[in-house]
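Starting from the given sequences, assemble the full structure and let the hints guide the process.
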Amino acid sequence: MLMLSGLSPLALQQSKLEAQMQSRYGEDGQAYLNAWFRLLDEQLDSEINEQLEQVNRFFNLGITFSDDRLLWKQKDYWATPLQTMGTRGGDCEDFSIAKYFSLLELGIPADKLRLIYVRAKTPGRVQAHMVLGYFPSPNAEPLLLDNLNPNILPASERPDLTPVFSFNSQGLWLGGTKSESDPTSRLSRWRDVLQRMHDEGF
Amino acid sequence: MSLIKQLWIGICLILILALGGSFFISTLTAREYLEQQLQLKNIDNATSLALSITQMEKDPVTLELLLSAQFDSGHYQSIRLLDPEGEVIVERHYQTNGNTQSVPVWFEKLLNIQVQPGIAQIQDGWHQYGSLEVISHSRYAQQELWDSSLRLLLWLLLAALVCGLIGTAVLKAITRPLGHVVRQAESIGQRHFITSAEPRTREFRKLVRSMNKLSASVKAMLEKETQKLDKLQRESQQDPTTTLANRSHFLNLLDSVIHREDTEQNFSVYLLRLMELAQLNQTMGRDQVDDILRNIGQTLQQQASETQGFAGRLNGTDFVLVSHSDLPLQESSEHLHRLIDASLPPGNAVALPLAATQIQTNEDHGKLLSRLDGLLARAEERGDRGIQIAAQVHSKQRNLQQWRESMTQALESPGVQLGQFAVRDHNGALVHWEQPVRLLLESEWQSAGFFVGWAKRLGLLAQIDWLVVNQAIKQIQQTGEPCAINVSESALCDVDFRVKVRELLRQSTVLCENLWLEFPESCAIRQLSQLKSFSAELRLLGCKVGLEHVGLEFTRIRELEGIGVDYLKVDSAIIRDCDSNTANHPFIQSLCGIGHSLGAVMIAEGVQTTAEQQTLAALNIDACTGPAIQ
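For the protein sequence lines, the chains are A and B, in the order given.
Numbering-wise (my numbering), the first sequence opens with residue 1 and increments by one.
Numbering-wise (my numbering), the second sequence opens with residue 1 and increments by one.
For the record, the hints were derived by calculation from the structure and aren't laboratory data.
Fair warning: this is a prediction, and the values are worked out from it, not measured in the lab.
The beta-carbon is built from N, C-alpha and C at its ideal position, and this holds for glycine as well.
Heads up, none of these hints are tricks.
Simulated restraints on C-beta separations:
#1 A:124 - B:125: 21 to 31 Å
#2 B:116 - A:159: 32 to 42 Å
#3 B:74 - A:138: 26 to 36 Å
#4 A:159 - B:74: 34 to 44 Å
In silico DMTMM-like links for lysine to aspartate or glutamate, alpha-carbon gap of 20 Å or less:
#5 A:121 - A:67
#6 A:112 - B:85
#7 A:121 - A:160
#8 B:231 - B:559
#9 B:58 - A:141
#10 A:75 - A:192
#11 B:41 - A:192
#12 B:58 - B:91
#13 B:213 - B:186
#14 A:112 - B:83
#15 B:219 - B:559
#16 A:73 - A:192
#17 A:112 - A:45
#18 B:532 - B:496
#19 B:456 - B:412
#20 B:367 - B:577
#21 A:112 - B:124
#22 A:112 - B:87
So, in structure tokens, the structure goes:
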């Protein structure tokens, strides 16, 4: 009971999302959203590894990395999957969030997924980064879905990354079961995204 | 339901709705706020604690210590650390030691603060270490919610009280004029045409203005009718030269005095004769003689009204005065002569002999006049100002002290009794029993005429009337039949009497509708304001109010429409011989017209024969009393 389950495919309000996309980003956004819906439809019954692979590729290929300062005119902005798909751009958090919710849609339980803050050593510099981790079993090492490295690799094969902290939407995401209009949720970035997604129809 | 009650219920409903609504909204808002704050605390504390644990060595002792430190120094209901399989690694749970708070169980059930636990993930390198679940204490919040609700309720009740008081005051201010308007409307409904001051509220003002107009028009109509009546009275009852009562009217008045129950004794009659009128006319001229006649008439009229008597001109030369005086006849006769002389031109040669006697109860007026005639013949022999008086006849000489003693004695025991005379309408149905007072004096139940003069002088009338009212109430209680009693002018003017009667009647309002109270016509002239207010009070209680012995001074009554009368009893002097003498018919008809327009029942007093009764019925009299009515 305490581990409130993640999003179920049923919670998606397809028409509402389409209307939002159409009005905000036009035909182009609409086409990408339809592609995403198709992806979800096709992959619903696939193997987990296939699901991970397809989702990872869908976003890594379709979305261009772009800095929040350029895209959103803010130092740090967490975009909802709809915004990410509409603008076809985003930074590491936006990639991770979009993949996280796509996988939830495909029926992967929330307690197997973590958004992980990592310290990434790239040639020349060390940067703050975020990846999505999939834990096949509670005690196993995670598979990492990253936008820097397009391949899905176990954590042990990514010496360039050092984990710092992880979180997921357990205990927060009520998945459209009731209208959560708690004004304090806007004060937390993570809860803010969840809230905005909820408003958009996820 | 009265308007005030309805408005009150409206105010109460609005108050309950507004204050109750704000109470619930405030309480629910407070609960929501507290829940949000607790939720934030749960999430934030769980995340920061998870962050700390993720960054450090995870040996069991350090973990225990870290969680204990957080738990013991903070305000938590429980902190649990679960491994990825969901097994508990460390758990801290707050043990309530005794119930230290005062929140009632029902309140906790009704407004339970529900907060989701804060959950955060702990990492050990790339591996999951577990998840942390933090629940803050919500009991203090519950307590706070309870306390603030109580405070709020208290303030709202206070506000409701203040609003209620203000509402009452406002309501009173608004409806005060309404009360006056309703009272006036009711009065007019009972043909009691009063006018009242115009209130400030526009709608009420219009209403009052219309009613005042109605009252004014009735008043004007009555004045016109009264003037007509006055003219009729002059034509049918007055001697044209002297304006004294003419022969037939005087004799009626005399009969009425002789036979009336409550006429005081000690009435004296004076007969004056202007000698040799024809010769005077020749020597002085008709105009001058008419002046003399008028002067004599005026003097007698003045004397009559001062002594509550009356005067008349029996024929060209004979004048009569009936008056009430305590002086011996000889002295009062001389006094009368002096008064007349003062009014006549000096040095005149008018011979004016005078005879005087006392009225004996139930003496026939023919006998009385022939007795006076005899006396006057002897007075004539005594010169121009000759006086002859009849020997004083006193059944029993008593002085004031003796009267006081015997009357006080009688009032204490056995008290008063009431006589009983039927007042019936023309179909024979009982209108009421007229019940004059009887007092046991000289071992006989005496009628009012026997003692009323002395009682008045001794100031006992109010007390007697008070006993009569009591007796009447007692009797109505027993028989349930309508009963009419007389109230004297003295009693009417006695504040104490009025207050006592009002209180008595208030205790037995069911009996009031059978109680008829009648006042002498003179009260409506001399004690108008008292009569008006007392009549209004009595009528409000359901009593019937009327005037008795009406007719002689009727045209002098002002504002009859303002007194509010249920019935008028027409004096027997006006009724007398109406079957054979048509002179008074127009007068009686007009009187009935006025009475009926005020909604009053017209009753004839002293009806002697069925022939009279039939004539009266044709003249619009409603009911009769007297020897002919059984």
